[in-house]
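Got chain A sorted already, so can you dock chain B onto it with the hints?
Those protein sequences? They're chains A and B, same order as listed. Quick note: the first sequence uses the working numbering, first residue 94, plus one each step. Quick note: the second sequence uses the working numbering, first residue 67, plus one each step.
FYI, nobody ran anything at the bench for these hints, they're computed from the structure. Just so you know, not all the hints are guaranteed correct.
To be verified - No farther apart than 25 Å at their CA atoms in a straight line, the calculated lysine to aspartate or glutamate pairs in the DMTMM-like style are these:
(1) B:140 x B:119
(2) A:112 x B:270
(3) B:120 x B:426
(4) B:421 x B:387
(5) B:361 x B:391
(6) B:229 x A:100
(7) B:122 x B:97
(8) B:161 x B:234
(9) A:173 x B:291
(10) B:393 x B:362
(11) B:361 x B:387
(12) B:229 x A:150
(13) B:246 x B:284
(14) A:204 x A:337
(15) B:246 x B:298
(16) A:173 x B:284
(17) B:246 x B:235
(18) B:111 x B:134
(19) B:120 x B:82
(20) B:229 x B:206
(21) A:173 x B:270
(22) A:112 x A:295
(23) B:246 x B:391
(24) A:177 x B:270
(25) A:173 x B:231
(26) B:111 x A:150
(27) A:173 x B:134
(28) B:100 x B:426
(29) A:133 x A:273
(30) B:131 x B:206
(31) A:204 x A:100
(32) B:317 x B:362
(33) A:110 x B:270
(34) A:173 x A:100
(35) A:132 x A:315
(36) A:173 x B:234
To be verified - Simulated coverage check for chain B against chain A, where a stretch passes if three residues somewhere in it have a Cβ under 8 Å from a Cβ of chain A:
(37) 263-275
(38) 278-292
Predicted model only: the values in this text are computed from it and were never measured. By construction, the Cβ of each residue, glycine as well, lies at the ideal position given by its N, Cα and C atoms.
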Amino acid sequence: MQVIVQDLLTSYSRVGKGKQVLILHGWGDSSASWKAVAKKLAGQHEVILVDLPGFGETQMPSIAWDLTDYANFIQAFLRKIGAKPYAIVGHSNGGAIAIRGVGQGILQAEKLVLLASAGVRGTSSQKGLYLISKVGKVMASPLPKRMQARLRRGLYHKAGLDLLVAEHMQETFKRIVRDDVRADAAYISAPTLLVYGEHDEETPVALGRQLHDAIEGSVFQEIPAVGHFLYRDAEKQVVQLAKEFLSA
Amino acid sequence: MKTVAVIFGGRSAEHDVSIVTALSSIIKPLELTKQYRVIAVYITKDGRWFTGEKLKDIHLYQSSKLEEYLAQTKSTGVVFDHGLKLLVPTRVGRKEVAIDIVFPAMHGTYGEDGALMGLLDMAGVAYVGCGVAASAIAMDKVLAKQLAVANGIPVSMFLSFQKADITDDTVGVVTQITAKLKYPIFVKPAHLGSSIGITRVQNDTELTNALEVAAYYDNLIIVEEAVQNLIEVTLPIMGLANNPQPALLEKPLTAAEDFFDFDTKYLQGGKKGGGKKGGTTGSQGYSQIPAKLPKDIYAQAGHVGLAVYTAFGCSGTARVDMLIDSKAGKVYFNEMNPLPGSLYAHNWAQAGVSKVALVEKLIEYALVRYAERQKLATTFDTNFLKQF
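Same shape as in the complex, but just chain A:
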């Protein structure tokens, strides 16, 4: 289904019946990747899936956004469709949006599930920013277009796949990787489950532990032998953990 939120054509879907659960996907991802998980949760919940602006089938914001802009967008979206989710599940950048939203009172949730959540910014993103500035220089260089594209992609690889999967969102990416949510996490009082993959390189376990320390009373789970896309690579375990936590 589509709906207009903050002048952006927004794509979303609802599946199942029960207490509402909102799923926020990660950077470069879309709600389409979450259909299998949503189906499994739909037995107990009404799952709301939304494509965040700039991803999937939702239009891109006209200016660069930060996490607060995304949280405000989600607030407006929920009002528009008349939904009041009981829980928010956020993966990677979707987790960072959830922390910003709930921590600052923009979003309300009785429970929070953060899967490989991003939001703790460190030296790796600074390296990314340096490389992005290099990308800009390549674009402005007098090299032939084909060579520019090859160089640009090489730099993107070094900056991290996150930018590579959404080149069109470069300016928003720059703002997001500077946006730290540790201060917001400290304001979260809702019961929170944090799940990280042992081999996650994008959002390593150590980063998750920092959020775990910041969110009082939160529960931390590590899934062995999986990486960043744990909802896909360890779907069964993630669904099981989420189900138990949401019904407790």
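Just chain B, lined up with the frame of chain A:
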């Protein structure tokens, strides 16, 4: 040897679908006949025209080579001079190539909506498929339903609104709709194809949001009551308006509560839910051909389809989509598609018409219609100017 220009691509959301229709269902079969010189005329998404042998290769569009090719190629011009001539680029300039027949393979805006047909009529060239009026009416869901009603063809209950009605007083529009129609309701932009901007709604909040979405896409919005106990069927038809020939009634194998969205229809190749057993893969995905329906309903759908074809004044080919209330045993006209994706060749093949025979027949109809049109007087000498 007659020269046929196959025009495809264009400034439409269905640009890519048009490429597949042109290459697989028209150009290839036409070349197999060895009776025509086939020119591929590709219109870019920004409206530039190109010709060239390389444009007949699907790989060009599947790779990033297309932009490179277009950057190195001069665009093609069009001249109206006792028919249609293309100005095809050569190494030293451009040469004129006279076109005997145009085979439009365009879907959606600026192609299937009568715009291209108007240009071809102005040029005075024979062309395959429906004319300006049938194409333009088919692309306006409100006009199409009104025409059906005027011809006694059943349609589901509907209302229409201008975009301004919705932006000025959404609450009032919702009240008007709910006073006349029962949920579930479909909200659609009146002029867009491929399920773009269409929403099925169950309550006032969803209706309000859906009206806003439809108004985002179009200035005219149609709101229809959903047909209950729904079976969707479609019927490809060909021939001149006075002698239409139906193919087989086809039933897309989707869940009743579902309907084809753009993604299912084209991007996933129609394979929603992985398809079901006993279906045929066609241009629109898995279908049952012929649709397994009680004899009387099958016949009723056939009558409705042919009545629509005649009422719209279709020519060449068209596909009529219908909605059946299986409990009430009633068939409703839904939409008419003047240029079905891939010409619905998969259906015609089951009806005994091969891809090659299909394009040959369509060219034959185009030439008959053109000859009849040539006989009509459109100008005559008067002494009007002398008296002025």
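We went through each hint and held it up to the structure:
A distance of roughly 14 Å separates the Cα atoms of residue 140 of chain B and residue 119 of chain B; the hinted pair therefore holds under the 25 Å criterion. Taking the CA atoms of residue 112 of chain A and residue 270 of chain B, the gap is about 21 Å. The hint holds against a cut of 25 Å. Of the supplied pair hints, the one linking residue 120 of chain B and residue 426 of chain B holds, its CA atoms being roughly 23 Å apart against a limit of 25 Å. A distance of roughly 22 Å separates the Cα atoms of residue 421 of chain B and residue 387 of chain B; the hinted pair therefore holds under the 25 Å criterion.
Distance hint between residue 361 of chain B and residue 391 of chain B is fulfilled; the C-alpha atoms sit about 15 Å from each other, no more than 25 Å. Distance hint between residue 229 of chain B and residue 100 of chain A is fulfilled; the C-alpha atoms sit about 16 Å from each other, no more than 25 Å. Distance restraint check for residue 122 of chain B and residue 97 of chain B: the Cα-Cα separation of roughly 11 Å lies within the 25 Å cut-off, and the hinted pair is therefore satisfied. For the given pair, residue 161 of chain B sits about 54 Å from residue 234 of chain B by alpha-carbon distance, which is inconsistent with the 25 Å threshold.
Restraint check for residue 173 of chain A and residue 291 of chain B: satisfied, since their Cα atoms lie roughly 23 Å apart, inside the 25 Å limit. Among the hinted pairs, residue 393 of chain B with residue 362 of chain B is consistent with the structure: their alpha-carbon atoms are about 13 Å apart, no more than 25 Å. As the CA atoms of residue 361 of chain B and residue 387 of chain B are separated by approximately 18 Å, the hinted pair is consistent with the 25 Å bound. Taken as a hint, the residue 229 of chain B and residue 150 of chain A pair is honoured in the structure, with Cα atoms around 23 Å apart against an allowance of 25 Å.
Pair hint residue 246 of chain B plus residue 284 of chain B holds up; C-alpha atoms about 23 Å apart against a cutoff of 25 Å. Taking the CA atoms of residue 204 of chain A and residue 337 of chain A, the gap is about 12 Å. The hint holds against a cut of 25 Å. A threshold of 25 Å between alpha carbons decides the hint, and for residue 246 of chain B with residue 298 of chain B the separation of about 24 Å falls inside it, so the pair holds. Note on residue 173 of chain A and residue 284 of chain B: the hinted pairing holds, with a Cα-Cα distance of about 21 Å set against a maximum of 25 Å.
The hinted pair formed by residue 246 of chain B and residue 235 of chain B meets the criterion: a straight-line CA distance of about 17 Å does not exceed 25 Å. Proposed proximity of residue 111 of chain B and residue 134 of chain B is supported: the alpha carbons are some 15 Å apart, at most 25 Å. This hinted pair checks out: residue 120 of chain B and residue 82 of chain B have alpha carbons roughly 16 Å apart, not beyond 25 Å. Between residue 229 of chain B and residue 206 of chain B, the direct Cα distance comes to roughly 15 Å. Compliance with the 25 Å bound is thereby established for this hinted pair.
This hinted pair checks out: residue 173 of chain A and residue 270 of chain B have alpha carbons roughly 12 Å apart, not beyond 25 Å. A hinted pair counts as satisfied when its Cα atoms are at most 25 Å apart, and residue 112 of chain A with residue 295 of chain A does not qualify at roughly 31 Å. With a CA separation close to 19 Å, the supplied pair residue 246 of chain B and residue 391 of chain B stays within the 25 Å bound. Straight-line distance between C-alpha atoms of residue 177 of chain A and residue 270 of chain B comes to about 17 Å, which keeps the hinted pair within the 25 Å bound.
Taking the CA atoms of residue 173 of chain A and residue 231 of chain B, the gap is about 20 Å. The hint holds against a cut of 25 Å. Between residue 111 of chain B and residue 150 of chain A the CA atoms are separated by roughly 20 Å; this keeps the pair inside 25 Å, and the hint holds. With a CA separation close to 44 Å, the supplied pair residue 173 of chain A and residue 134 of chain B exceeds the 25 Å bound. Between residue 100 of chain B and residue 426 of chain B the CA atoms are separated by roughly 11 Å; this keeps the pair inside 25 Å, and the hint holds.
Note on residue 133 of chain A and residue 273 of chain A: the hinted pairing is violated, with a Cα-Cα distance of about 32 Å set against a maximum of 25 Å. Taking the CA atoms of residue 131 of chain B and residue 206 of chain B, the gap is about 36 Å. The hint is violated against a cut of 25 Å. For a cut-off of 25 Å, the pair hint linking residue 204 of chain A to residue 100 of chain A is broken: about 29 Å separates their Cα positions. Of the pairs offered as hints, the one joining residue 317 of chain B and residue 362 of chain B holds, with about 16 Å between alpha carbons and a cut-off of 25 Å not exceeded.
Pair hint residue 110 of chain A plus residue 270 of chain B holds up; C-alpha atoms about 19 Å apart against a cutoff of 25 Å. For a cut-off of 25 Å, the pair hint linking residue 173 of chain A to residue 100 of chain A stands: about 12 Å separates their Cα positions. Distance restraint check for residue 132 of chain A and residue 315 of chain A: the Cα-Cα separation of roughly 24 Å lies within the 25 Å cut-off, and the hinted pair is therefore satisfied. Under the criterion of a C-alpha separation no larger than 25 Å, the hint pairing residue 173 of chain A with residue 234 of chain B is consistent with the structure, at around 18 Å.
Note: the segment 263-275 of chain B has 5 residues with beta-carbon separation from chain A under 8 Å; the three-residue rule is met and the coverage holds. With 3 residues carrying a beta carbon less than 8 Å from a beta carbon of chain A, the segment 278-292 of chain B meets the three-residue requirement, and the given coverage holds.
When the structure is compared with the earlier hints, violations turn up for hints 8, 22, 27, 29, 30 and 31 and for no others.
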